[in-house]
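Just so you know, the sequences run in chain order A and B.
In this text, residue positions in the first sequence follow our numbering: the first is 316, and each later residue adds one.
In this text, residue positions in the second sequence follow our numbering: the first is 316, and each later residue adds one.
By construction, these hints were calculated from the structure, which means they are not laboratory data.
Watch out, some of these pointers could steer you wrong.
Capping the alpha-carbon separation at 20 Å, the derived lysine to any residue pairs in SDA-like fashion look like this [what the hints assert, rightly or not]:
hint : chain 1 : residue 1 : chain 2 : residue 2
1    : B       : Lys337    : B       : Gly362
2    : B       : Lys519    : B       : Leu370
3    : B       : Lys504    : B       : Glu566
4    : B       : Lys337    : A       : Asp642
5    : B       : Lys420    : B       : Lys504
6    : A       : Lys504    : A       : Ala473
7    : B       : Lys504    : B       : Pro558
8    : B       : Lys337    : A       : Leu370
9    : A       : Lys420    : A       : Asp642
10   : A       : Lys337    : B       : Lys420
11   : A       : Lys531    : A       : Ala472
12   : A       : Lys337    : B       : Leu370
2 protein chains.
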Amino acid sequence: MKFGGTSMAGIERIRSVAARVKREVEAGHEVAVVVSAMAGETDRLVGFCREASPLYDRAEYDVVVSAGEQVTSGLLAIALQAIGVPARSWLGWQLPVRTDDAHAKARIGAIDTAALDASLSAGEVAVIPGFQGVTDGGRSTTLGRGGSDTSAVAVAAAMRAERCDIYTDVDGVYTTDPRIVPRARKLAKVTYEEMLELASVGAKVLQTRSVGLAMKEGVRVQVLSSFTGAPDGEGAPMADTLPGTMIVGEEEVDDMERQLITGIAHDKNEAKITLTQVPDRPGAVASIFAPLADTGINVDMIIQNVAHIHDGATGSTDVTFTVPAADLARSLDVLEQGRAAIGYERMVHDTRVAKISVVGVGMRSHAGVAATMFTTLGARGINVQAISTSEIKVSVLIDEDETELAVRVLHTAYGLDAA
Amino acid sequence: MKFGGTSMAGIERIRSVAARVKREVEAGHEVAVVVSAMAGETDRLVGFCREASPLYDRAEYDVVVSAGEQVTSGLLAIALQAIGVPARSWLGWQLPVRTDDAHAKARIGAIDTAALDASLSAGEVAVIPGFQGVTDGGRSTTLGRGGSDTSAVAVAAAMRAERCDIYTDVDGVYTTDPRIVPRARKLAKVTYEEMLELASVGAKVLQTRSVGLAMKEGVRVQVLSSFTGAPDGEGAPMADTLPGTMIVGEEEVDDMERQLITGIAHDKNEAKITLTQVPDRPGAVASIFAPLADTGINVDMIIQNVAHIHDGATGSTDVTFTVPAADLARSLDVLEQGRAAIGYERMVHDTRVAKISVVGVGMRSHAGVAATMFTTLGARGINVQAISTSEIKVSVLIDEDETELAVRVLHTAYGLDAA
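Next up, chain A with everything else stripped away, as it sits in the complex (with noise of 0.2 Å):
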């Protein structure tokens, strides 16, 4: 079981968490849970480092920050212990849980679970503060924000648990943004590579990197609310708790529950640039994209439009892509500097964009996705200004202000919509 910050947020709430915890373990299972810091804490925490100095060493960094987690993982086992629940904390030193040392970003190498084993085989249930680990040097390292999910499936896969139940703000993945399209409906399943994709354009239910680590490990996640009746986490403690949605292989969807299409995301992070009458000729594309890699910009949709012929021997064409928006600033530096080897004209950006994406493993063995977007979007007017496809997924940039109305219709056009 994991927490996020906002059911650890103050003694009341990890009170529900540990009522939570005891249902589980009447219910007759081990349970490890793995906890996040209390809502607000770990920024109030990141603050005191940035304030302390801007190039902070990461290592101080983690010192500092994991201590968050430290608290939440004490304070659940003492409620555990006071609803006579037998239960102690486990410190990421302590279990261990080995990472490699690249600090504020560490990735986790093994989890030792001898000491755990025999904790819970003794009737014991284990709490892991989240998003830390500590290097073969002995030293304190976090994993990135979000880490928490991520710990919580690599305990999970240590420990060949039967599931990774993952409590947050919400209570399941859905076809779409419910507070766009209030038909939505909750999956009951969705595959990891469906959740990978909705992550990664914007469903923000899980950290990407934990739904990679359940993949490769083979963990079963299931995502539900901590909450009952407010989505928004400002409702009543959980009393029962609704199913959510099960993250799981390919194999355990049943043809007659797939759907062509599982869900469609959007994502309004997205800048688009575009440089005109770039020359031509082989290289030129490189001349763009090779120095933001290199920059260690993630360039996602790349459109090349058709040669315009001019007077001279060779033709020109305009290049459009997309950037994260946080990376903009940095990625028109590196493009005005590396203006004269790409010998483009001018230089146009645009934020005003969102990227739509449909994402369902049943396009695979179906024709015609694509083409029923571009009809459905057409229809309604909507310029289409980028498309990027992968096996099981079709993404379009448009018009920002057009991004309700586009998720609305396309939920429809696919039958997403709830009866």
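With the hints as your guide, set chain B onto chain A.
Structure of chain B alone, referenced to chain A:
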């Protein structure tokens, strides 16, 4: 160097601490720094534990509350690096600081200094969270409130440090409380034994345990202020630190500088209990104090009045003694239960009392210290309710309202007023 919670309260102050440490490094010293949690943070964490369960598991309490010093040790390391001083944090489990497993009040057994020595020799400042350690079984411990002073002395002893500088809210040890006697003088030197008596009777400069450890290990401790100008800690962060008070072995105080009396302490945290008409027979007194001792209550001053001869064959006596005010309710409870066994007539108590102590190693070789005390107090009409003495201390119990008057007249009588 050890810095308390007021010195670590916020990044601005941590930066000042870093600057102070840098000056020691630039003076050519190898420095280890022991830090407290930010002022108020330990209370916040203890509050969480109590709220989670009044009967919290002390092992988990240690996991929770040790987080406060973990945070400040990482932040000070970052602040030091930011001003060009190589530094790293060493958590209790990393050094390790080995303790017994008496959680929440653990005692330090040994500190491994191999890694620490190597780090210092390599030119790094070691930043060590106070108050925390680890058991042989690998669980986190804390030393009890105020334990950071003890951590600092223990680290200094283990490293055979030349000096242990304890930066605190006050700028040294005074002949008495300067708020009562403005002409109180700061002492340049005080012996361990005097400091123990002064600390245990209410001069709250250093934790008693840390002084005892310093005496046992022969660590030269200096108490000095983190701040200049304002003893309440609200002043400007230290620019030039004034010399503080050295706490040293008796052999380091030469006869020339030795005063008859070193200081005068007062303590309002005592309560007086009187049992009337206790039968004057063998074992009666034991039947009072044995149950109190079994409950862990420290009885301090005891007076037994002369026996009254009553009608019967056996005489009776009134027995008066003091206990810490915090233990009064429990003491009354224990004595009420023992009423039949003790056979007293009435039990009365009074919390409006104060203990005034004159302390000085010089009194070993001089008679008349107690006589001067009684004469001086008597001349002002101050009634002495009880007396206790040690080799280097005379204490009297008086009415609480007369505390300030008594301290003032004694300070003058022993020639302690500054010129």
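Hint by hint, here is what the structure shows:
1. B:Lys337 <-> B:Gly362: violated (35 Å)
2. B:Lys519 <-> B:Leu370: With Cα atoms ~29 Å apart, B:Lys519 and B:Leu370 exceed 20 Å; violated.
3. B:Lys504 <-> B:Glu566: holds (11 Å)
4. B:Lys337 <-> A:Asp642: violated (38 Å)
5. B:Lys420 <-> B:Lys504: Given that 20 Å is the threshold and the Cα spacing comes to 30 Å, the pair is violated.
6. A:Lys504 <-> A:Ala473: violated (23 Å)
7. B:Lys504 <-> B:Pro558: holds (11 Å)
8. B:Lys337 <-> A:Leu370: The given pair, whose Cα atoms are some 19 Å apart, holds under the 20 Å limit.
9. A:Lys420 <-> A:Asp642: Status holds; Cα separation ~19 Å.
10. A:Lys337 <-> B:Lys420: The hint is violated at about 30 Å.
11. A:Lys531 <-> A:Ala472: holds (10 Å)
12. A:Lys337 <-> B:Leu370: It holds: about 19 Å lies between the C-alpha atoms, which stays within 20 Å.
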